[in-house]
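So the protein sequences, as listed, match chains P and C.
Under this note's numbering, the letters of the first sequence match residues 1 to 117, in that order.
Under this note's numbering, the letters of the second sequence match residues 1 to 228, in that order.
It is possible that part of the hints are untrue.
As the list claims (entries may be wrong) - Short, incomplete list of chain P residues facing chain C, as computed with Cβ under 8 Å:
(1) Phe111
(2) Leu113
(3) Ser114
(4) Gln117
Treat the hints as calculated values from the structure; they're not laboratory data.
Being a predicted model, the structure only gives us computed values, none of them experimental.
Backbone N, C-alpha and C fix where the C-beta goes; we use that ideal spot for every residue, glycine too.
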Amino acid sequence: MNRPVPHPTRHLLMIVAGFALWALAFVLLYGTQATGCKAGWHLVEMGPANLLRLVLALLFLLHLGAMLALVRYLRRQVVPMAGPVRFLNRVALFSAWAAIASTLFTFVWLFWLSPCQ
Amino acid sequence: MASTLALAGCGGPVSTLDPAGPAADAIARLWWVMLIGAVALFILMMALFGLVMLRPGAGSGLSRRGWILAGGLGMPLPILTALLIYALIQGERLLPHPDGGPNGGVVRVEAVARQFAWEFHYPELGAGAAGTTLNVLHIPAGRAVDVTTRSDDVIHSFWVPRLGGKIDATPGHSPTIRLRADRPGLYAGLCAEYCGTGHRDMGFTVEAHPPALYEQRLRAALAGEEAQ
Chain P
1 MNRPVPHPTR
11 HLLMIVAGFA
21 LWALAFVLLY
31 GTQATGCKAG
41 WHLVEMGPAN
51 LLRLVLALLF
61 LLHLGAMLAL
71 VRYLRRQVVP
81 MAGPVRFLNR
91 VALFSAWAAI
101 ASTLFTFVWL
111 FWLSPCQ
Chain C
1 MASTLALAGC
11 GGPVSTLDPA
21 GPAADAIARL
31 WWVMLIGAVA
41 LFILMMALFG
51 LVMLRPGAGS
61 GLSRRGWILA
71 GGLGMPLPIL
81 TALLIYALIQ
91 GERLLPHPDG
101 GPNGGVVRVE
111 AVARQFAWEF
121 HYPELGAGAA
131 GTTLNVLHIP
141 AGRAVDVTTR
151 SDDVIHSFWV
161 PRLGGKIDAT
171 PGHSPTIRLR
181 ADRPGLYAGL
191 CAEYCGTGHR
201 DMGFTVEAHP
211 PALYEQRLRA
221 ALAGEEAQ
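All chains should be modelled from the sequences, with the hints used to inform the complete structure.
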């Protein structure tokens with residue numbers, strides 16, 4: 001029995017999905033950092049860190065998890081496909097890996113840099 | 001002749017390439033590091049370009065995929081990563097951390113911007129010495145000075161190019177920048193954010209005094225302003 005073929009638009013959208021998650025992480029982390037500094041979350045000590053750093057770290061890890069889930073989904077999708085759709089899916093997969101690398105490169109510093117000085 | 005003319009632009013009272021304190025020095029050094037890196041990469045790219053033009057097929061020892069990986073990832077990634085880490089470390093050092101600086105802690109002043117002048121307050125002088133100076137900021141040389149900015153009207157930007165970076169003066173916010181002048185002297189400052197028709201003339205002077213004379217000279221300046 002043949003599987004129903006998904007509409008190609010979905011594969012096009014999948015190409016930008018990884019970097020859309022990166023952009024969402026950027027906006028949320030930036031907004032949370034500014035809000036947390038204004039609200040004084042960085043002054044609330046929690047173990048070796050402070051409340052603001054913990055919230056930022058949580059947001060970072062959530063986005064990283066979402067991107068890894070996206071990669072897993074795309075890897076499963078690419079196997080049974082053929083032709084142009086398979087190509088689109090492979091591009092989406094590489095794009096998602098690039099988004100993960102960008103996320104690590106851009107945001108990993110939140111574990112170390114001063115958030116509010 | 002051309003290089004003399006070009007290098008003449010590196011001096012002057014508002015030159016970031018003539019730093020007079022650690023903050024401006026760090027910024028100038030980063031600029032030089034980036035310039036040297038950019039020139040080296042430019043020479044490398046031109047050399048490769050010249051090679052393939054003069055000797056077609058010279059780069060065929062490396063596959064097409066190899067060139068893409070080496071040129072697209074292998075070369076820029078280490079350079080960009082090193083530059084990023086260097087800039088982050090420098091940036092972190094320049095922040096006004098509460099631990100202060102050498103030579104007896106941090107001096108705190110306030111810079112209030114309004115169209116089209118700067119007013120400087122000295123909250124640490126204590127009672128009986130309240131007052132402001134207009135368009136002249138007095139600081140001690142050799143000590144860290146935290147300048148907290150605010151604005152009474154629109155967005156301005158406080159900038160003393162020979163002492164450090166810029167910091168916006170925004171209504172409703174009070175950001176702080178740490179500066180230090182290594183030696184006594186006069187340093188030119190300016191508004192670095194277009195703020196209206198008088199923006200061009202919204203300059204000020206930073207007067208760095210010998211530390212032992214700072215308080216005496218500041219009190220004299222405040223008394224002089226009051227008398228005017």
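Structure-based check of all given hints:
| no. | hint | in the structure |
| --- | --- | --- |
| 1 | Phe111 | violated, 12 Å |
| 2 | Leu113 | holds, 6 Å |
| 3 | Ser114 | holds, 6 Å |
| 4 | Gln117 | holds, 4 Å |
In this structure, only the earlier hint numbered 1 is contradicted, and the remaining ones agree with it.
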